[in-house]
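Chain residues, written in single-letter form:
There are 2 protein chains.
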Amino acid sequence: MMRREITGFSNPTVKFLRSLREKKHRKAAGKFMAEGLRLLTDARESGHVPETLVMASGRDPHPLIDALEDAVSAAGGEIIETSPDILEKITGKSNPQAVAGVFDEFDTSLSAVDRTSAKIWLVAQELRDPGNLGTMLRTGDAVGAGGLILIDDCADPFSVEAVRASMGAIFTQTVARARWDEFLPWLRGGQGQLVAASLRDAVPYRGAPYSAPCFVLVGNESQGLPEAYEAACDLRVTMPMRGRADSLNAAVAGAVLAYEVLETLEA
Amino acid sequence: MMRREITGFSNPTVKFLRSLREKKHRKAAGKFMAEGLRLLTDARESGHVPETLVMASGRDPHPLIDALEDAVSAAGGEIIETSPDILEKITGKSNPQAVAGVFDEFDTSLSAVDRTSAKIWLVAQELRDPGNLGTMLRTGDAVGAGGLILIDDCADPFSVEAVRASMGAIFTQTVARARWDEFLPWLRGGQGQLVAASLRDAVPYRGAPYSAPCFVLVGNESQGLPEAYEAACDLRVTMPMRGRADSLNAAVAGAVLAYEVLETLEA
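Read top to bottom, the protein sequences are chains Z and G.
All letters in the first sequence, in the order written, are residues 1 to 267 by the numbering used here.
All letters in the second sequence, in the order written, are residues 1001 to 1267 by the numbering used here.
Honestly, the hints are just simulated from the structure, not real lab data.
Incorrect hints may appear among the rest.
[As the list claims (entries may be wrong)] What follows is a list of derived Cβ distance ranges for each label pair:
hint, chain 1, residue 1, chain 2, residue 2, range
1, Z, S109, G, E1105, 48 to 58 Å
2, G, S1019, Z, E88, 20 to 30 Å
3, G, E1182, Z, L184, 14 to 24 Å
4, Z, D66, G, K1089, 21 to 31 Å
5, G, P1185, Z, D104, 49 to 59 Å
6, G, M1241, Z, P204, 24 to 34 Å
7, G, K1027, Z, G92, 24 to 34 Å
8, G, M1241, Z, R59, 27 to 37 Å
9, Z, L184, G, P1204, 47 to 57 Å
10, G, G1092, Z, D104, 28 to 38 Å
11, Z, E182, G, Q1191, 48 to 58 Å
12, Z, D60, G, D1246, 44 to 54 Å
13, G, T1116, Z, D60, 50 to 60 Å
14, Z, D60, G, D1181, 33 to 43 Å
[To be verified] Here chain Z is said to cover these stretches of chain G; the calculated rule only asks that three of the stretch's residues, wherever they fall, bring their Cβ under 8 Å from a Cβ of chain Z:
hint, region
15, 1019 to 1031
16, 1040 to 1054
17, 1129 to 1140
18, 1160 to 1172
19, 1254 to 1265
Note that CB positions come from ideal geometry on N, CA and C, so glycine has one too.
Chain Z with its partners taken away, still in its complex shape (with noise of 0.2 Å):
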């Protein structure tokens, strides 16, 4: 097993994982690091092991972190101990017990994408918030999604807001990123039923005619969908506003409306 410990802070490996915590750098090297035993155990879990496994030396010991050495051994991956200030300043949180691992971004093309292999698909365009994209991811997950594509320019995915919000799911749902250009051609190349919660031209999104596969559309947080891409749609579902706004928070929309849309398909 690779075992190191690091005892310095400008040690380059440390400046290289506390490096990830930017975009710029993630994009550069190609990876992202995730955080927390839950986190790392459900990426074990889903045949997904770091290439680097990071603690504090001295840690307590835990059956699970066992495990996540024996796979990352298993698998010829580093794991590096190091003190607890040093930890910190990788992580950003001052718990001991931290522990952190890095892994390869995966490929976030659309032809990652198998649209064949879930019957509901979320898409987000210009989602911006991270912790609202990992929530998607999440509630892709629990609706039994195949994935997230992510529309123009979104946050980053792999985020350590977006991985945390997505409580694993980063590791289970397909994430895809591309223009709507890129996009829309992609969708009418085969089959899916492309709908948007939307105030335009709209029909109640309970008892609406769903059809699988379905991709379930959401808009930035603040402008919502562009016109023309609503346009583009097979379907505008609104749903009740009963208060004096008009729009829900993006996240909760498309879980919503994804519910609805799961109970539409299996009933």
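Go by the hints and put chain G onto chain Z.
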């Protein structure tokens, strides 16, 4: 009209406004800050006028700003103009178009809750994320809920993050805070069905026998609800979980459930 220009960073008013970003100072003053023209306009249209309105001097004119200024004047409030630098110090944002208002915190005792005024109430236990809290307020507005009741140690509903995520619903939804052992006797002192999203001894959420006023209870982001709290509920319901995980984001779970309750009660 009370109108003041403030030019110094060390001005006590600047220090006070800036201090409202911290909970202890909000609590001491009994006041909170809301930022953004849209939010302040929502507040005004809901009958909530800030006692102090802050903006940059030389700001671009805007009819909604004029309307805000008029309302603040009419209510005997104060308008403060300052430099973009000082405004940034107050709001934490480098947007010279920013506008912020100071409001009295609302009464958050259970006596503020008129349970007969709505068919749905949202209830959250130890909700720690202010973004989730604000999102639940926003969802509550959308489903026509009366408000949000916060049980035990929750995030502060008057934090900048919660107010922002509420998208103005902080001004339209009733917010109450109580310990569980205050809440339960209060609830049982009148009509009300307590419903939890649960995995224990639960019926499917779809088609469950909801009745008004329905109190939709969600638990802490990582721990869920204590077993004793679930046991005290009139109805435990479960949502389909088709993936690896056994739970949803708390605000998402509350929204999916609240929409189901709305559809049932209005059917």
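Checked hints:
1. Z:S109 / G:E1105: 48 to 58 Å: holds (50 Å)
2. G:S1019 / Z:E88: 20 to 30 Å: This hint holds: roughly 28 Å between Cβ atoms.
3. G:E1182 / Z:L184: 14 to 24 Å: violated (54 Å)
4. Z:D66 / G:K1089: 21 to 31 Å: At roughly 50 Å between Cβ atoms, K1089 of chain G and D66 of chain Z fall outside 21 to 31 Å, so the hint is violated.
5. G:P1185 / Z:D104: 49 to 59 Å: The hint (49 to 59 Å, Cβ to Cβ) holds, given that P1185 of chain G and D104 of chain Z are roughly 55 Å apart.
6. G:M1241 / Z:P204: 24 to 34 Å: Between M1241 of chain G and P204 of chain Z, where Cβ atoms are some 26 Å apart, the hint holds.
7. G:K1027 / Z:G92: 24 to 34 Å: Given about 28 Å between the Cβ atoms, the range holds.
8. G:M1241 / Z:R59: 27 to 37 Å: holds (32 Å)
9. Z:L184 / G:P1204: 47 to 57 Å: violated (36 Å)
10. G:G1092 / Z:D104: 28 to 38 Å: For D104 of chain Z against G1092 of chain G, whose Cβ atoms are near 36 Å apart, the range 28 to 38 Å holds.
11. Z:E182 / G:Q1191: 48 to 58 Å: holds (55 Å)
12. Z:D60 / G:D1246: 44 to 54 Å: Check failed, 26 Å falls outside 44 to 54 Å.
13. G:T1116 / Z:D60: 50 to 60 Å: Cβ of T1116 of chain G to Cβ of D60 of chain Z: about 52 Å, so the range 50 to 60 Å holds.
14. Z:D60 / G:D1181: 33 to 43 Å: The hinted range 33 to 43 Å holds for D60 of chain Z and D1181 of chain G, with Cβ atoms some 34 Å apart.
15. 1019 to 1031: That given contact is violated, which follows from only 0 residues of the region 1019 to 1031 of chain G lying within Cβ reach (below 8 Å) of chain Z.
16. 1040 to 1054: holds (count 3)
17. 1129 to 1140: holds (count 5)
18. 1160 to 1172: holds (count 5)
19. 1254 to 1265: That given contact holds, which follows from 5 residues of the region 1254 to 1265 of chain G lying within Cβ reach (below 8 Å) of chain Z.
This entry does not satisfy hints 3, 4, 9, 12 and 15, going by the numbered hints stated previously.
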